[in-house]
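Chains as they are written, first to last, in the working numbering: chain A, 72 to 489; chain B, 7 to 64.
Hints were generated in silico from the structure; no laboratory data involved.
From a predicted model like this one, the values you see are computed outputs, not experimental measurements.
Among these hints, one or two may not hold up.
Said to hold, decoys possible - From the structure, some residues in chain B lie toward chain A, with a derived Cβ separation under 8 angstroms:
#, residue
1, A34
2, A35
3, Q36
4, R46
To be verified - Calculated from the model, a selection of chain B residues having no Cβ within reach of chain A, i.e. all distances over 12 angstroms:
#, residue
5, R12
6, D32
7, P48
Unchecked claim - Below, a list of computed lysine-lysine pairs in the PhoX-like style, where the Cα atoms sit at most 20 angstroms apart:
#, chain 1, residue 1, chain 2, residue 2
8, B, K60, A, K440
9, A, K440, B, K16
10, B, K16, A, K478
11, B, K10, A, K440
12, A, K440, A, K77
13, B, K57, A, K478
14, A, K245, A, K186
15, B, K57, B, K10
16, A, K218, A, K245
17, A, K100, A, K202
18, A, K77, B, K39
19, B, K62, B, K39
20, A, K440, A, K478
21, A, K77, B, K62
Note that CB positions come from ideal geometry on N, CA and C, so glycine has one too.
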Amino acid sequence: MVDIDKANQEALSRLLSAQPVLVDMGLAKDVVPGMGERTLLHAGPPITWERMSGPMRGAVMAACLYEGWASTPEEAVELAASGEITFDPCHHHSAVGPMAGVTSPNMPVFVIENKDRGNRAYCSMNEGLGKVMRMGAYDDEVIERLKWMRYTLYPNLHAGVRRAYEVQGGIDIKNIIAQALHMGDEMHNRNKAGTSLFLRAIVPFMIEAAPNCRDLAEVVRFIDKNDHFFLNLAMAAAKASTEAAHDVEGSSLVTIMARNGTEMGIQVSGLGRRWFTCEAALPDVLLFPGFTKDDVNRDIGDSAIMETLGIGGFALAAAPAIVQFIGGTPADAAKYTLEMYEITLGENNVYSIPSLNFRGTPTGIDVLKVAETGITPVLDTGAAHKEPGRGQVGAGIVRMPSEAFIKAAEAFVERYAE
Amino acid sequence: MNQKLRSLLKEGPRAVNIGVEQFAQDLAAQGVKVVQMDWRPPQAGSDLLSKLRKLKRQ
Chain A
72 MVDIDKANQE ALSRLLSAQP VLVDMGLAKD VVPGMGERTL LHAGPPITWE RMSGPMRGAV
132 MAACLYEGWA STPEEAVELA ASGEITFDPC HHHSAVGPMA GVTSPNMPVF VIENKDRGNR
192 AYCSMNEGLG KVMRMGAYDD EVIERLKWMR YTLYPNLHAG VRRAYEVQGG IDIKNIIAQA
252 LHMGDEMHNR NKAGTSLFLR AIVPFMIEAA PNCRDLAEVV RFIDKNDHFF LNLAMAAAKA
312 STEAAHDVEG SSLVTIMARN GTEMGIQVSG LGRRWFTCEA ALPDVLLFPG FTKDDVNRDI
372 GDSAIMETLG IGGFALAAAP AIVQFIGGTP ADAAKYTLEM YEITLGENNV YSIPSLNFRG
432 TPTGIDVLKV AETGITPVLD TGAAHKEPGR GQVGAGIVRM PSEAFIKAAE AFVERYAE
Chain B
7 MNQKLRSLLK EGPRAVNIGV EQFAQDLAAQ GVKVVQMDWR PPQAGSDLLS KLRKLKRQ
């Protein structure tokens with residue numbers, strides 16, 4: 072007979088003890104476990120080409136063009152539908168990806184190692200805002216940018232990361248997140264402070280290791296212009312932390328929440344690698360000028376890993392300025408954080424919120440509490456256009472649908488009830 | 007007379023409304039102090055809720 076409370080304490084402890092550090096970079100085919108030659112990883116639970124939404128399809132097409140598997144978007148569509156490509160969730164490979172999250176063999180990824188338990192997690196680099204692959208865009212400008220990231224951004228960043236590893240063991244991402252939460256970030260839709268702190272940490276090492284200064288200036292300007300650059304690092308850190316808490320017999324801790332633009336799925340620590348899925352939410356968010364509710368695609372992205380860790384939407388009380396982007400008032404933002412304490416197992420021991428007297432963020436979603444209270448996690452996320460190639464249409468609060476949590480609670484009871 | 011009871015008789019009730027907002031709006035329209043609680047019934051059925059209660063935990 073399993074002691075659920077003890078199991079949850081163990082799982083939460085593993086999550087809280089995680090020490091995610093940026094130790095390396097590499098091409099996905101060289102460092103991501105199980106990455107095949109014709110594999111494309113994607114956000115969310117498993118999905119076939121036929122069921123993919125517009126932004127996911129657009130991102131797949133961009134990846135095919137980037138890899139040189141197709142010369143035109145039409146050829147890319149034909150290839151994607153042919154069965155020759157293996158589509159698999161990023162999560163099946165200890166990886167995560169924002170929005171469509173498509174990761175191809177020759178895309179560079181960050182390598183984050185959890186120093187506490189040794190497990191690693193991976194995420195590609197953030198392209199910036201506007202028409203980008205992760206939002207489903209696939210035109211020439213997108214492909215050119217991806218290639219610049221591969222052949223200019225990546226070599227410089229990689230050299231800097233390697234140097235940082237040699238000198239001091241890498242870049243401590245947990246420490247940056249903790250500081251950024253005290254500077255107005257919540258690490259999902261607002262990563263301005265995190266990006267700034269990361270740039271401060273990595274630039275000296277990039278300068279020491281750089282092959283030439285002209286490219287380096289371009290690289291620094293690229294990161295500087297993208298307030299979301301740190302998101303991908305924070306996501307990989309969150310993945311390394313939450314994965315450490317998985318597979319604890321008897322634990323009802325949620326270790327994955329992810330969306331693929333069609334469905335959302337969760338995994339629970341004590342229920343193995345089984346996905347519990349339901350239709351993804353339709354975001355009712357603040358729209359950018361020119362867009363309407365009819366333009367919005369269903370919720371998409373592995374960035375829900377931030378809330379799974381206990382930040383992002385759970386740390387909205389730390390980010391009053393976020394309301395300029397997502398609407399509402401700072402008081403509304405704080406209310407969401409307070410509500411999340413009802414469905415979590417504990418409070419974070421490192422990530423704290425100044426305006427709540429430095430209270431730790433609500434951490435460790437308990438699937439049983441979600442089922443009992445009817446309170447589902449809130450995410451603070453971007454929304455994509457439902458047609459491929461159109462980009463982001465808005466940002467705001469999205470409530471996770473309850474069905475996946477109820478299915479998981481039913482499975483938990485079936486397995487662990489006496 | 008109890009102080010709280012005196013206060014209740016003098017100032018009238020202060021209500022907490024759980025659920026349908028219309029009730030809170032009706033009270034507010036009549037000058038009653040009311041707080042709207044954001045609540046909805048859990049979607050888990052009574053069968054699952056009963057099983058969850060039986061699980062040994064805090």
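B/K60 paired with A/K440 [C-alpha distance capped at 20 angstroms]: Given that 20 angstroms is the threshold and the Cα spacing comes to 14 angstroms, the pair holds.
Pair hint outcome, A/K245 versus A/K186 [Cα-Cα no greater than 20 angstroms]: holds, 11 angstroms
Restraint satisfaction for B/R46 [CB to CB of chain A, less than 8 angstroms]: Check passed: Cβ of B/R46 comes within 6 angstroms of chain A, closer than 8 angstroms.
Supplied contact hint for B/A35, tested at 8 angstroms Cβ to chain A: violated, 24 angstroms
Interface hint for B/A34, Cβ within 8 angstroms of any Cβ on chain A: violated, 19 angstroms
Pair hint outcome, B/K16 versus A/K478 [Cα-Cα no greater than 20 angstroms]: violated, 51 angstroms
Satisfaction of hint between A/K440 and B/K10, Cα-Cα up to 20 angstroms: violated, 36 angstroms
Satisfaction of hint between A/K77 and A/K440, Cα-Cα up to 20 angstroms: holds, 16 angstroms
Satisfaction of hint between A/K478 and A/K440, Cα-Cα up to 20 angstroms: Holds, at about 13 angstroms.
20 angstroms limit on alpha-carbon distance, applied to hinted pair A/K77 and B/K39: violated, 44 angstroms
B/K57 paired with A/K478 [C-alpha distance capped at 20 angstroms]: holds, 13 angstroms
20 angstroms limit on alpha-carbon distance, applied to hinted pair A/K218 and A/K245: This hinted pair is violated, its Cα atoms lying about 30 angstroms apart.
The earlier numbered hints that this structure contradicts are 1, 2, 3, 7, 9, 10, 11, 15, 16, 17, 18 and 19.
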